[in-house]
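On the provided structure of chain A, position chain B as indicated by the hints.
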Amino acid sequence: MIEVKDVIKMYGSLAAVDRVTFSVPKGTILGLLGPNGAGKTTTMRVITTSLPLNGGKVTVDGYDVMEAPHEVKKRIGYLPEVPPIYGDMRVVDYLKFVAEIKEVPADQTANRVGEVMEMLSLGNMGRRLIGHLSLGYRQRVGLAQALIHDPDVLILDEPTRGLDPKQILEIRKLIKSLSGHKTIILSTHILPEVSSTCDNVVIIDQGKVVAADSVESLSQRLAGGKLLELEVKGPGADVQKALENLKTIASVKQLGKETRNATKFELTTDGTMDAREEIFQCVAKNKWVIYQMNPIGMSLEDVFLKLTTKDTAA
Amino acid sequence: MNSRKLWAIIKKDIGHYFASPIGYVVLAVFYLVAGFFFWLIAVQSRSASMIPVFQNTVILLLFLTPMITMRLWSEEEKNGTAELLRTSPLTLWEIVIGKYLAVCAFFGLMLSSTIIYLIIMLATGNPDLGPVAANYLGYILAAMTFFSLGLLASTLSENQIVSAVITYGILLMLWVIGAAAGNIQGTLGDMLKYVSVFNHLDDFFKGVIDLTHFFYFASLIFLGLFFSVKVLESKRS
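Quick note, the sequences are listed as chains A and B, same order.
The first sequence finishes on residue 953 if you use the working numbering, and the numbering steps up by one all the way, no holes.
The second sequence finishes on residue 1366 if you use the working numbering, and the numbering steps up by one all the way, no holes.
One chain only, chain A, in its complex shape (with noise of 0.2 Å):
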């Protein structure tokens, strides 16, 4: 549905977007992760045409972006960073005219904006000015506008940005709804945000992707082979002596001290079977104890973290 294929963005002699290339196929919802200044915002706005790329090529359904920005334009809802709101109209009269602007059919108008006004919880929100809502409400009627004409493709920078907790949930709850029938892009900092409403993510550290892969996949192919976190009552040193015995396990670290006669351990699998099994037998066969026993896979923070911090020491 979005294809960014090699694209270059200048700002001036600084390449803000750097032969950014990633997919994003029909019904799915994108990840963009990145620290401040990564590039995000300039990657969605070469998408919504607000601004010409340097070089490279972005189509959107079909339709490139420099070559027909006006069927691009029709066929995405975009959310810039900050919300684009008029603060002296009415949520109601705002919506209306973005509605008109963005092409719903006339006959179609107040029906359009009763419904997304109800989708974002605005009902009773409709004749305040939207310069005296809160923070939150902005964002939704951000949101809302972004949705009024019904497009395959939303794209959108920061949409949680200044939600209270709850709120967020709401919104996350909203977008995961859409996924299936539109197509999104959506850029965060947050980093569970992904993990709980994304298919897949492109991370991009100074405009150049660093990683893009299924959620899953990316935190699993980091981790490097599985981790386990084991507490087991026993002599330690013999414990420790035993579990490195095992075939399955590559290495073993103790984590911490002894404690009441239980200690904690770090166990790094050879990744090619599932090695509880073994693990149990052998501490069952030794009478000592398992307390807890839990895979550890690596978070979506160690990932964006050690693919964006570069190695200071090199």
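Calculated directly from the structure, the hints in this document are not laboratory data.
All C-beta atoms in this analysis are idealised placements derived from N, C-alpha and C, irrespective of residue type, glycine included.
Check the hints yourself; a few may be wrong.
Lysine-lysine pairs mimicking PhoX-like chemistry, simulated, CA-CA at most 25 Å apart [to be verified]:
1. A:Lys847 x A:Lys872
2. A:Lys665 x A:Lys821
3. A:Lys880 x A:Lys892
4. B:Lys1140 x A:Lys735
5. A:Lys644 x B:Lys1364
6. A:Lys735 x B:Lys1207
7. B:Lys1140 x A:Lys696
8. B:Lys1140 x A:Lys713
9. A:Lys896 x A:Lys926
10. A:Lys713 x B:Lys1359
11. B:Lys1364 x A:Lys713
12. A:Lys821 x A:Lys886
13. A:Lys865 x A:Lys847
Cβ-to-Cβ under 7 Å is the rule here; a few derived chain B residues that face chain A [as the list claims (entries may be wrong)]:
14. Lys1134
15. Ile1139
16. Lys1141
17. Gly1209
18. Thr1210
19. Thr1216
20. Ser1217
21. Leu1258
22. Pro1260
23. Ala1262
Chain B is faced by these chain A residues, among others (derived, beta-carbon under 7 Å) [unchecked claim]:
24. Ser689
25. Pro719
26. Val721
27. Arg729
28. Phe736
29. Ile740
30. Glu809
31. Asn839
32. Glu917
33. Cys921
Same frame as chain A, now just chain B:
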């Protein structure tokens, strides 16, 4: 050009005038000054002429124009709403013409008060309607020219004050350049005389409708709008 989208922009921009005191203040000041001159002429000199009203309020218009044109684009840029307009299926011409027609409509409201003077003159005196029509035409053309240039200035900066000062500068230059031209001989003097708004407006106020003058105003209006579109186009990069 899509009339529904155009109308949406016109409605929105007229709305902005009345969402803040600026629309009301500009109308009030205009009504007050225009009323004062009409009273002065009609009651004091007992002449059934619109000329003094227009001649004096056109100066006022020089000062009110920046007030009503400065926000047209500057505010959109500052608010971030420019991004909404830019990413909507609108052409730049639709945006520029829509905004321009919104100021013109607002000016229509200002001008509507003068209809009352016309009615009073018709009821109590015997005004010559031909020259009055020429007066109106010249006045409206001058105002539309001011607005077009004000809109252009507004596209140049996201700071309203900067836009207003640029507008003042352009309009005052166009106004006084004719006086300066009197001291300069030859082609340069003639050229400056041609550029001056005042020289073109004067014939309309004398009751003469000359196509040369009409062409002058029409081309300035077009140039203002054309360059507004060009400036917005260049802002995309």
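Hints, verified against the model:
1. Note on lysine 847 of chain A and lysine 872 of chain A: the hinted pairing is violated, with a Cα-Cα distance of about 48 Å set against a maximum of 25 Å.
2. For the hint linking lysine 665 of chain A to lysine 821 of chain A, the alpha-carbon distance of about 7 Å falls within 25 Å, and the restraint holds.
3. For the hint pairing lysine 880 of chain A with lysine 892 of chain A, the CA-to-CA distance comes to about 11 Å; that is within 25 Å, so the pair holds.
4. A threshold of 25 Å between alpha carbons decides the hint, and for lysine 1140 of chain B with lysine 735 of chain A the separation of about 11 Å falls inside it, so the pair holds.
5. Distance restraint check for lysine 644 of chain A and lysine 1364 of chain B: the Cα-Cα separation of roughly 24 Å lies within the 25 Å cut-off, and the hinted pair is therefore satisfied.
6. Proposed proximity of lysine 735 of chain A and lysine 1207 of chain B is supported: the alpha carbons are some 22 Å apart, at most 25 Å.
7. Taken as a hint, the lysine 1140 of chain B and lysine 696 of chain A pair is broken in the structure, with Cα atoms around 37 Å apart against an allowance of 25 Å.
8. Restraint check for lysine 1140 of chain B and lysine 713 of chain A: the C-alpha separation of about 22 Å stays at or below 25 Å, so the hint holds.
9. Distance hint between lysine 896 of chain A and lysine 926 of chain A is fulfilled; the C-alpha atoms sit about 21 Å from each other, no more than 25 Å.
10. The hinted pair formed by lysine 713 of chain A and lysine 1359 of chain B meets the criterion: a straight-line CA distance of about 23 Å does not exceed 25 Å.
11. About 21 Å separates the Cα atoms of lysine 1364 of chain B and lysine 713 of chain A, which keeps this hinted pair within 25 Å; it holds.
12. Taking the CA atoms of lysine 821 of chain A and lysine 886 of chain A, the gap is about 48 Å. The hint is violated against a cut of 25 Å.
13. Among the hinted pairs, lysine 865 of chain A with lysine 847 of chain A is inconsistent with the structure: their alpha-carbon atoms are about 29 Å apart, more than 25 Å.
14. With its C-beta approaching chain A no nearer than about 5 Å, lysine 1134 of chain B sits inside the 7 Å limit, and its interface hint holds.
15. Violation of the interface hint for isoleucine 1139 of chain B is found here, the shortest Cβ-Cβ separation to chain A being roughly 11 Å, above the 7 Å cut-off.
16. Here the hint on lysine 1141 of chain B is kept, as its CB sits about 5 Å from the closest CB of chain A, short of 7 Å.
17. The beta carbon of glycine 1209 of chain B is positioned within 7 Å of a beta carbon in chain A (closest approach about 4 Å), and the interface hint is therefore held.
18. Among the interface hints, the one on threonine 1210 of chain B holds; its C-beta lies about 4 Å from the nearest C-beta in chain A, closer than the 7 Å criterion.
19. A cut of 7 Å between beta carbons decides the hint on threonine 1216 of chain B: the least distance to chain A is about 5 Å, and the hint holds.
20. Below 7 Å, beta-carbon pairs count as interface contacts, and serine 1217 of chain B has one with chain A at about 5 Å; its hint therefore holds.
21. Checking leucine 1258 of chain B against chain A: minimum C-beta separation of about 40 Å lies over 7 Å; hint violated.
22. Taking 7 Å as the C-beta contact cut-off toward chain A, the hint placing proline 1260 of chain B at the interface is violated, the least distance being around 42 Å.
23. Among the interface hints, the one on alanine 1262 of chain B is violated; its C-beta lies about 36 Å from the nearest C-beta in chain A, farther than the 7 Å criterion.
24. Proximity of serine 689 of chain A to chain B holds as hinted, the smallest CB-CB distance being about 5 Å (cut-off 7 Å).
25. A distance limit of 7 Å between C-beta atoms decides the matter here; for proline 719 of chain A the minimum to chain B is near 5 Å, and the interface restraint holds.
26. Annotation: interface hint on valine 721 of chain A holds; nearest CB of chain B at approximately 4 Å, less than 7 Å.
27. For the restraint placing arginine 729 of chain A at the interface with chain B, the shortest Cβ-Cβ distance is roughly 9 Å, beyond the 7 Å limit, so the hint is violated.
28. Of the supplied interface hints, the one on phenylalanine 736 of chain A holds, with its beta-carbon coming within about 5 Å of a beta-carbon of chain B, less than 7 Å.
29. Proximity of isoleucine 740 of chain A to chain B holds as hinted, the smallest CB-CB distance being about 5 Å (cut-off 7 Å).
30. Residue-level restraint check for glutamate 809 of chain A is violated (minimum Cβ-Cβ distance to chain B is 23 Å; threshold 7 Å).
31. Given hint, asparagine 839 of chain A at the interface with chain B, is violated; its Cβ is 24 Å from that chain's nearest Cβ, farther than 7 Å.
32. At its closest, the beta carbon of glutamate 917 of chain A sits 57 Å from a beta carbon of chain B; the interface hint therefore is violated under the 7 Å criterion.
33. For cysteine 921 of chain A, the interface hint is violated, since its Cβ never comes within 7 Å of a Cβ in chain B; the closest pair sits about 62 Å apart.
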